[in-house]
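Turn these sequences into a full structure, and let the hints guide you.
Number of protein chains: 2
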Amino acid sequence: MKLFFSPTSPYVRKVMICAHELGLSEHIELLPAKASPVDRDKTIVEKNPLGKVPTLLTKEGVALYDSRVICEYLNELGSGQLFPTDKSLRWEAITMQALGDGLLDAALLTRYETFLRPKELCWNDWVNGQIEKIHSALKQFESSVHNDSFHIGQITLACSLAYLDLRFDHLEWRKSHPKLKGWFEVISKRTSVAKEWTLPA
Amino acid sequence: MKLFFSPTSPYVRKVMICAHELGLSEHIELLPAKASPVDRDKTIVEKNPLGKVPTLLTKEGVALYDSRVICEYLNELGSGQLFPTDKSLRWEAITMQALGDGLLDAALLTRYETFLRPKELCWNDWVNGQIEKIHSALKQFESSVHNDSFHIGQITLACSLAYLDLRFDHLEWRKSHPKLKGWFEVISKRTSVAKEWTLPA
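Quick note, the sequences are listed as chains A and B, same order.
Just so it is clear: in the first sequence, position 176 is 193 by this note's numbering, and no numbers are missing.
Just so it is clear: in the second sequence, position 93 is 110 by this note's numbering, and no numbers are missing.
In short, the hints are calculated from the structure, not lab data.
Please note that the accuracy of each hint is not assured.
Which copy is meant is left open, so a pair is good if it fits within one copy or across any two.
Stated by the list, open to error - Derived DSS-like pairs: lysine-lysine, alpha-carbon spacing no greater than 27 Å straight-line: (1) K198 x K156; (2) K136 x K19; (3) K19 x K156; (4) K192 x K156; (5) K192 x K212.
Given the structure is predicted, the values throughout are model-derived calculations rather than measurements.
Below you can see the structure in the form of structure tokens.
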């Protein structure tokens, strides 16, 4: 399999953690990608019209995207339980994934607004709305996170918190979320979460 | 069940089409919602920190989101095949859903940029990047759409094209996509797709 890859994309990281958990990461060749919403990467667009990472090319040459689809595909390939078969746990896990993805979407939109868009075109109301989303999502995670099982919801949460550390250090999310802080400390020691992936030299 | 609803949201429409196909639409009470990224609806936020429609409240009172999660939940509840159990068809269907959702995300971001944001803060490169995404997605759909089965991928495509008709009439997508035009004509006659949902008076 081949994966269009970016080392800082939290959605790519979701895929790589799943792959590692499932013993599949050695079977994925990482391909360089320069995904940007205003300067699209034509090599990706050929396979995925949205021009986004992650995009997976299966052994059969089929293009799969986005991260939710790829993670579920890998889970199937590795006969995993990252997408639980128990139904009530499944809805919990994939709603948690949706919440983490939503937090990340808000963080990415904020990043585009403040780092990609020309300064004079920045709209504060937009940024404030997105940041509010991040805070509401963190509050919900703080009240619901637990260590009972490791599934796609928790993987997405780990990638969300790591992304906040990377790009939104100034939010200091640990200060007002002690349970999340403790949870993240534990989960960060897990090999799949601790590991850093890079493109082959 | 209860659903935070907006009559023009294409993601809500995905859910309602699924519900109708599965014989469940009569069991869903529609709740009014005013989701906006800059002026968040606090009633939704209480249940879904992202403050977005669709958000479903199950009979047990659990909040499920986003549209992908709700559609899969309804499919399970109605023992449907909108999310195919045949694996290779499943990856095709949910990647097609991701492509349609991606087209819609690009359309919504364009709409926010041109109708919500103050005119003087509009960034043309951003709009162009999003519109390019819509065109690439349409091109891919044009070359791959077929009538073999009706699943979540096709439902998402139908909602995407209907949304382009509602808000992006000027793109005149039918002109350069004859196969999609023909496919949409047929699919639009399906009761679940033709139906218009509104809030109870």
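Outcome of the hint check:
For the homomeric pair K198 and K156, the shortest alpha-carbon distance inside one copy (12 Å) is at most 27 Å, but the shortest distance between copies (45 Å) is not. For the identical chains of this complex, K136 and K19 are neighbours neither inside a copy (37 Å) nor across copies (42 Å), given an alpha-carbon limit of 27 Å. Taking the shortest alpha-carbon separations for K19 and K156, only the inter-copy value of 23 Å comes in at or below 27 Å, while the best intra-copy value is 36 Å. Taking the shortest alpha-carbon separations for K192 and K156, only the intra-copy value of 12 Å comes in at or below 27 Å, while the best inter-copy value is 48 Å.
Taking CA atoms no more than 27 Å apart as the test, K192 paired with K212 passes inside one copy only; the shortest distance there is 25 Å, against 49 Å between copies.
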